[in-house]
Structure formats: C-alpha cells, structure tokens
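Those protein sequence lines, which keep their order, are chains A and B.
Quick note on the working numbering: the first sequence kicks off at 1 and runs consecutively.
Quick note on the working numbering: the second sequence kicks off at 1001 and runs consecutively.
Derived by calculation from the structure, the hints in this document are not laboratory data.
Keep in mind that this is a model prediction, so the values were computed, not measured.
Any given hint could turn out to be false.
To be clear about the criterion: a stretch of chain A counts as covered by chain B if any three or more of its residues have a C-beta under 8 Å from a C-beta of chain B, and this derived list gives those stretches [as the list claims (entries may be wrong)]:
id, region
1, 40-52
2, 71-77
3, 103-116
Here are the simulated SDA-like pairs of lysine to any residue, each with C-alpha atoms no more than 25 Å apart in a straight line [what the hints assert, rightly or not]:
id, chain 1, residue 1, chain 2, residue 2
4, B, 1153, A, 2
5, B, 1161, A, 70
6, A, 75, B, 1022
7, B, 1147, A, 100
8, A, 142, B, 1172
9, A, 75, B, 1005
10, A, 180, B, 1164
11, A, 171, B, 1145
12, B, 1161, A, 2
13, A, 171, B, 1153
14, A, 171, B, 1173
15, B, 1005, B, 1022
16, A, 15, A, 2
17, B, 1169, A, 15
18, A, 153, B, 1172
19, A, 75, B, 1131
No residue lacks a Cβ here, since even glycine has one placed at the ideal position from N, Cα and C.
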Amino acid sequence: MDRNQISKWFKNPGKMANKYSFHVVYFCTGCGIIEIPPSITTRWDAERFGIIPVATPRQANLFLITGYVSTKTLKAIIRTYEQMPEPKYTVAFGSCPINGGMYYDSYNTITSLDKYIPVDGYIAGCMPRPEAIFIGVTHLWKLIDMDKADGYKRYRRDYKFYRANQEQLFKELGWPPLFKDASL
Amino acid sequence: MEELKKKLLAYFTDLTIQIHDDYRMCINTQKETVVSLLNYLKNMGYEHFALLSCIDWIDKGEFELIYILSAYMEVCDKYQEKEQGIIIIKARISRDDAKVISVINVFENAEPYERELHEMFGIKFEGHPRLTPLMLEREYEIPPFRKDFDTLKYVDNTFGKIPSIEERKANYERT
C-alpha cells in the first residue's frame, strides 16, 4: 500500500475500503463481456485492483455495462441495478451505451443509457482493452475520492424522473417503485 | 445430384432446378408444393432441416422463403460424400397476404424458425400451434425486418423522444 494514503485511511476508512474492493456483477449485456474473462483471470489479474466478480447483485457494488443494451436487456439492467446495495457505481463500456454506436438506427437497441439509470463513467472504444478497464477503474477511484461518483445519490434524488423515463419506454414496468413519491 | 434431379423432375412438375459446385442444388418451386417436396426429400435421406429464412423483395411485392436441407453422412471413413450435398428450396409468396402452410408436420424443428419469421416479417404459418412472440419485447406497427420499416424514423420517435434527466427536471421545475 502506498504510504501517502495512510492518512486517507484514518480520515475515511469506509470510503477507502469500499474503493479498493469492487465487487462486479457478472452480467452479460452485450459483446463486451468477452473482455471480462481475460481481465479477471491470470493474464490481466484484476484482483490486483480489488476487482472480483460475484454471483449476485446483492453482494456487488460495481456494475459494468458491457456493450450494447437492447430494450429487453435494459429491463434486466434496471432490476439488477435496483437490487444492488448502496454505494453502487456504474461504468459503461464501449460506444454503444453512450449514443448507440453502430446500433444507432436499430429498432431494438436504446441509444443512450444515462436516460434510464445513472452512469458514473464511460470507457470509450469498441471494445475497450482490459488495460482500459483498469484505467477506468483508477479514474473511478479518483472520482470516489472527490465524491463525484454520486450516481446512486442522483438515482435516489431524481428517482421520479428516471422512473418516468423508464415508464415512457416500457409503457408498463412489472415491478413497484424502489423509493417513495415516484410519480411526477 | 444428377440422379436426384432426374427423379425430382419425374415426380414433380413445377420445379426449376440448378446445380452448383456438384453438391449444391437450388430448387425454385411454388408454395403449394413445398410440403410434399420436403416430405419426398426427407424420405430420400435429407433428414437435417438446417434453416428456414426469408428475403423481402419489396420491388416485386414478394417474400422469398428459403428452406435449406442437408443429409447426415452415412459413411464416415470416406470424406467424399458428394452425392449427398445441400439442397436449397426457394418459394415465393405474395407480400400483401403473407400466408404459407407450416412445415412442422414434416420437420418439427422448424417451429422456432417459423415463430421468428412470424415475428420479424409478419408471415402467417397456417397450422402452427403457437405463433407467440419469441424474441421481441414490444409490438411494432410494421414487423421490423420488412424493408419498408424505417428504422431511423422509429428510433427518433421512440428512443429520441425520451428526454434526458436534466431536460425532464427542467420541464418539471418550470411547471
């Protein structure tokens, strides 16, 4: 451990522990999931950075959206995101969650993800290499240090707007709202 | 392949047959003969129903259904089973009332293919037990794989009209 960081540990131990133990939901949304097995196994050992994939969203605090998001997957993404305990962070991979990417005119793929769930950071590229994932994660550390990775706080604060967007897309969501006063 | 061609031409009347590369046969036929033709070929040893696909010829106002059959190899030590190749059957149906008889009675594994085509092209398969949605989440006015489905317009109307969170918040605070 870096000796400069000892003061940070004393100042805010919860945040530091949270920062260095990202538990990732193993959720395959698209093509980018093919980058996850090499990055968590021996070649690019992701556990150096404290990243470890877990089985259920109840244990996770980092959500990697890997690749394009079809409307059917988006439903599952929202449900998974709402099940994760706070604090939780979202990082979207590739160009497709940003503006649709090569699926900009697809009949079944959404064009920008941050209309439906909050996204803390994007890793550009199609697809990003495993090194880019680690750079993205180190950026996320800095954001957490500066309290700028506040996606879950925004979700709690603006829940009714997110819920309204989700309902506009799906007409009828099959689950009750997560927080109170969800209607506009 | 040549023998099979002679047999088929003797048995069926309305076929036009081309043979490519010695082991690939292309049969153009009418939609009424497809079921009996598949039945006949199945008895000849072409038991593997590989694919059912569709092409939208919008200029001619027709859908072209494509059935691909192949045979399992009987002799494994010889690698030259030129006799049993791939058979491609093409039949055209009208685009306005897209109806065709289902081939489930002959090949049972055609069921998901027919459901997919019903969903993506809007073709009705008569005799299919359940033409329920297979892959799509939502309902479309025009089935999305038809050529007259304007994807860009659809994207602008559905995903483009959803405002970002900031816009929605600003609208909410204004009212």
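The hints, checked one at a time:
1. 40-52: violated (count 0)
2. 71-77: holds (count 3)
3. 103-116: It holds, with 10 qualifying residues against the three required.
4. B:1153 x A:2: violated (54 Å)
5. B:1161 x A:70: Distance ~17 Å between residue 1161 (chain B) and residue 70 (chain A) Cα, so the pair holds.
6. A:75 x B:1022: Roughly 50 Å between the alpha carbons, so the hint for residue 75 (chain A) and residue 1022 (chain B) is violated.
7. B:1147 x A:100: holds (21 Å)
8. A:142 x B:1172: Between residue 142 (chain A) and residue 1172 (chain B) the Cα gap is close to 33 Å, so the pair fails against 25 Å, i.e. violated.
9. A:75 x B:1005: Given that 25 Å is the threshold and the Cα spacing comes to 52 Å, the pair is violated.
10. A:180 x B:1164: Holds - the C-alpha atoms of residue 1164 (chain B) and residue 180 (chain A) are around 21 Å apart, at most 25 Å.
11. A:171 x B:1145: holds (23 Å)
12. B:1161 x A:2: violated (48 Å)
13. A:171 x B:1153: holds (19 Å)
14. A:171 x B:1173: holds (24 Å)
15. B:1005 x B:1022: Holds, at about 12 Å.
16. A:15 x A:2: holds (16 Å)
17. B:1169 x A:15: Status violated; Cα separation ~30 Å.
18. A:153 x B:1172: Holds - the C-alpha atoms of residue 1172 (chain B) and residue 153 (chain A) are around 19 Å apart, at most 25 Å.
19. A:75 x B:1131: The given pair, whose Cα atoms are some 24 Å apart, holds under the 25 Å limit.
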